[in-house]
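Asker: One letter stands for each residue in the lines below.
Protein chains: 2
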Amino acid sequence: MSLLIVGTVAYDAIETPFGKTDKILGGSAMYIGLAASKFVNKSNLVSVIGDDFAKSDVDLLQRFKMDTAGMETIKGGKTFFWSGKYHIDMNSRDTIETQLNVLENFDPKVPSEYQDCEFLVLGNLSPSVQMSVIKQMEKRPKLIAMDTMNFWMDYFMDDLVEVLKEVDILTINDEEARQLSGEYSLVKAAQKIMGMGPRFLIIKKGEHGALLFNNKEVFFAPALPLEDVFDPTGAGDTFAGGFIGHLAKTRDISFDNMKRAVIYGSAMASFCVEKFGPERLTEVTDAELHERVEEFINLVQFDISLINS
Amino acid sequence: MSLLIVGTVAYDAIETPFGKTDKILGGSAMYIGLAASKFVNKSNLVSVIGDDFAKSDVDLLQRFKMDTAGMETIKGGKTFFWSGKYHIDMNSRDTIETQLNVLENFDPKVPSEYQDCEFLVLGNLSPSVQMSVIKQMEKRPKLIAMDTMNFWMDYFMDDLVEVLKEVDILTINDEEARQLSGEYSLVKAAQKIMGMGPRFLIIKKGEHGALLFNNKEVFFAPALPLEDVFDPTGAGDTFAGGFIGHLAKTRDISFDNMKRAVIYGSAMASFCVEKFGPERLTEVTDAELHERVEEFINLVQFDISLINS
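Protein sequences, first through last, are from chains A and B. When we follow my numbering, the leftmost residue of the first sequence carries the number 1, and every step to the right adds one. When we follow my numbering, the leftmost residue of the second sequence carries the number 1001, and every step to the right adds one.
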């Protein structure tokens, strides 16, 4: 197995009703890699940083099994920076500042040693950057998953439509699914979106869980009801990292195994939101992960004998 | 078993993005009774109507196993009327008109032949009316379930607090749970609300499913992802009717059986929203109900071997 993650490595400054942080480590590739590290022995990172990026943060990525040879450092450049503020419902947030910095001219290069890629995850990036990565792959990966967001639908829909034709799984949130499809019903939205390319679709509904679709089945995983959601930053990418990590570990892309992957992704996301940024993810033990998955089982399992009903 | 349902029998005029109706049959007790009729052979209704209430509608209630001896007709009075309009997201609605009519002075009287009540459901009514019913019961029912709404929290909180002390299960929606408890987190809200009396709490989240709590367990049932939600009117009451109907049929109030009851309630609610008002509920066959429950099983079941994970 080899897992290739393409996305951002960033600094975030976050304010929630529970407190605020100065610059902390962020970025889609970082969250995906951190979550995947609970499942795989190694992931390869293609990203870009500035020379302000701390050595200790590179060390952290490597400690969590991310190969950083594909993470380009731009001399004199500054790392992508985002700051935002969450409201009490944690489902809405205001962006206070976005400094694209080195991300503005990001031209990802897939190192030759990453060409043995079986599982490719394209974090939320411009569709043309995502397409450039796919085109660089000499052999098509077994599975290509991608994330996107409303911004690309608003301004780069044509590019997005092209890249959607090339991927196996799309992960987006419910509002984005509605925007992308023009359908309010998520069932109808899913059918339309899968008609655009992806064989599988994951619709993330935040605190309301996630739906996994293929062309004839649907699976739902709830989010774990938590006492507090401390900071939702990165939860979606963490979900994707746990999801793809489990698939890459097991090398099984059957729908039944994808269901398991959704549960592992949901479990990892439920840790992510417990502390600021990636902090909680760096502490998750195997025992805790087992326990969390058991909580999911207990949360949804019921036993109905349809014969007697 | 005997099931006693106290609530409204009404006429509704409904507008949704899919169309609009003139006066059609509505009311919490009607929806609860209709859903329960899939599970029990008889339910007893305590409600109030005006003499404008159509004989054909009385016939419908009776055809669906509701005993109407406890449904008082006020001479010269008009039946409770509500009209509302739903927006595209179907989660928000505007009330166009509410005519309390005979509901304004509703003073429910439990007939002596309804005193053998094991399962009592109090639909959304003023807390003092709900309390009056509880006080009329010579022997405490095995299980008392009640519904309420934000209006009573806004204006009759003291009365609501008193009646909450007397019931076993409260069913409310997520916003109401937050308002009642003053907690945003539904987990914390549930703990606080159960501290006010009910041993069990069901938080209904509409299209996002329902949570069942007791003091140490939690169970989640999703709503079935539907192509279209045609008209959500009565879905919450239908859920309650399916829930209590299954409990009354099985006479088992263990948490495991309540989980099943939540699934049956969710299945009935998923039918309710498919057509205007109660129309779809009057058509549900046993085979359809079985099939729908199977869809729920398929929607959430997954198989993780924690030993190998």
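Just to be clear, a hint being listed does not mean it is correct.
Claimed, not checked - Listed below are the simulated EDC-like cross-link pairs for lysine to aspartate or glutamate, each with C-alpha atoms no more than 16 Å apart in a straight line: (1) B/K1188 <-> A/D174; (2) A/K188 <-> A/E166; (3) A/K192 <-> B/E1227.
Stated by the list, open to error - So the derived label-pair ranges between C-beta atoms look like this: (4) B/D1022 <-> A/G182: 26 to 34 Å; (5) B/D1022 <-> A/H290: 55 to 63 Å; (6) A/A287 <-> B/M1157: 21 to 29 Å; (7) B/G1084 <-> A/R63: 32 to 40 Å; (8) B/F1151 <-> A/K165: 30 to 38 Å; (9) A/M153 <-> B/Q1136: 31 to 39 Å; (10) A/E294 <-> B/D1094: 42 to 50 Å; (11) B/E1162 <-> A/D252: 19 to 27 Å; (12) A/G197 <-> B/E1279: 33 to 41 Å; (13) A/N298 <-> B/M1157: 55 to 63 Å; (14) A/N257 <-> B/E1162: 35 to 43 Å; (15) A/A287 <-> B/E1097: 55 to 63 Å.
Rather than coming from a laboratory, the hints here were simulated on the basis of the structure. Every residue, glycine too, gets a C-beta built ideally from N, C-alpha and C.
Asker: Compare the structure with each hint and give your call.
Answerer: Now for the hints, and whether the structure bears them out:
no.	hint	verdict
1	B/K1188 <-> A/D174	violated (26 Å)
2	A/K188 <-> A/E166	violated (21 Å)
3	A/K192 <-> B/E1227	holds (12 Å)
4	B/D1022 <-> A/G182: 26 to 34 Å	holds (32 Å)
5	B/D1022 <-> A/H290: 55 to 63 Å	holds (57 Å)
6	A/A287 <-> B/M1157: 21 to 29 Å	violated (44 Å)
7	B/G1084 <-> A/R63: 32 to 40 Å	violated (57 Å)
8	B/F1151 <-> A/K165: 30 to 38 Å	violated (51 Å)
9	A/M153 <-> B/Q1136: 31 to 39 Å	violated (59 Å)
10	A/E294 <-> B/D1094: 42 to 50 Å	holds (44 Å)
11	B/E1162 <-> A/D252: 19 to 27 Å	violated (57 Å)
12	A/G197 <-> B/E1279: 33 to 41 Å	holds (39 Å)
13	A/N298 <-> B/M1157: 55 to 63 Å	violated (34 Å)
14	A/N257 <-> B/E1162: 35 to 43 Å	violated (53 Å)
15	A/A287 <-> B/E1097: 55 to 63 Å	holds (58 Å)
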